[in-house]
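Quick mapping for you: the protein sequence lines, in order, are chains A and B. Heads up: the first sequence begins at 0 in numbering that gives the first Met the number 0, then just goes up one per residue. Heads up: the second sequence begins at 0 in numbering that gives the first Met the number 0, then just goes up one per residue.
Hints were generated in silico from the structure; no laboratory data involved. One or more of the hints may lead you astray.
20 Å max Cα-Cα, derived DMTMM-like pairs, lysine to aspartate or glutamate [to be verified]:
no.	chain 1	residue 1	chain 2	residue 2
1	B	164	A	54
2	B	228	A	3
3	B	217	A	83
4	B	237	B	190
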Amino acid sequence: MRNDFRARNHPAYWAFAVHRVSGVLLTVFLPLHFWALAQALQGEARLESFLRWTDQPLVKIAEVGLVVLLAAHMAGGVRLLMLEFLAWREWQKTLIAVATALSLAFGLAFLLNLL
Amino acid sequence: MGTALSVLHVRVWRGTESGEYQEFQVPRLESQTVLDVVTHIQRKLDPTLSYRFACRVGMCGSCAMTVNGKARWTCRTHVASVSDEERLEIGPLRNLPVIKDLVTDMAPFFDKWAAAKGQFRGSATRNDDFARVSPESRQRRLVDESIECIGCGVCYSSCDVVTWKPDYLGPAALTRAWTLVNDVRDVDQRERLTAVAGDAGCHACHTQMTCTERCPKKLSPTAGIAGLKRAVLSAALKGEI
Ligand code: FES
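All chains should be modelled from the sequences, with the hints used to inform the complete structure.
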């Protein structure tokens, strides 16, 4: 028999889930990112028109999402490194909170800068 | 037995891997444990119900079951702390073959302790003096952090990696290996690190920490597994394994 969500609903599992999902989404995004950079090779005009496209509000909002994903994945990765290489028993839940706060702070900073 | 405070609605797994939950009504008593509930059902309502227990005081590790979706030691779990509006759902441990009702086959669980080289092997004979290990030493303290395992299988049953990768040694076996890695008298260190370094070993852990969340003895298999990862890494760098 298998476990259901009741067994999984605790902070460290959520941290795992966020790390995994953000990792997968970033993997999907990366080719797109490289494609966008490649536009520069096609000449200034191509890149310029692409950059103008990214000025749309919806794209801007998506960018904030991306920054949050990136920050979440990074903070989660740092948390894992700390769990594995430092003595941490007492403060592992604090680590999750710090990682979450950090990623949201990055997202917010990016958002404010945009506005 | 005291007077009933109310009625508990209890769904209990009947069958093997396939089966269904059967509903029972059990008088709710003060300070009642989940094991008391199961015992009441078997003694008063349906003697064909199968379950396991022995010590009733949290020492033997035989009474673990899945209670309202989470693995628990039932003899030390009060109904008050787990019942959801006077409802209980009691099933067998997950990730292990179900023999009947609430009884699982623990053989795969303990086979993995053996596979993780969970046996102590020393070099001293009966003619040698006692080994002297300072309780203050770093390694002895690390042993202390994991030695209280009662082998109940709660961590193993809770672990998603075991579900996804059935040959994964699992949190309990790896915790056992970690206590022995820190046992300065043991002479099988290289073999043990090799045993836990493989695909099914410590590196398969995804740090979901459900084991640490659920361990009734408040041990942290995640900490032990992290320790094993470091030990394996340093042994590999030194070319020992
Ligand atoms: S019956 Fe022994 S630990 Fe619960």
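(Q) For residue 217 of chain B and residue 83 of chain A, compute the direct alpha-carbon distance and say whether it is at most 20 Å. (A) holds (19 Å)
Regarding the pair residue 237 of chain B and residue 190 of chain B, is the alpha-carbon distance no greater than 20 Å?
-> holds (15 Å)
- Would you check the hint for residue 228 of chain B and residue 3 of chain A, treating anything up to 20 Å between C-alpha atoms as holding? This hinted pair is violated, its Cα atoms lying about 28 Å apart.
Discussion item. Run the distance test for residue 164 of chain B versus residue 54 of chain A: straight-line Cα separation, threshold 20 Å.
Written reply: violated (45 Å)
Checked against the numbered hints above, the structure breaks hints 1, 2 and satisfies the rest.
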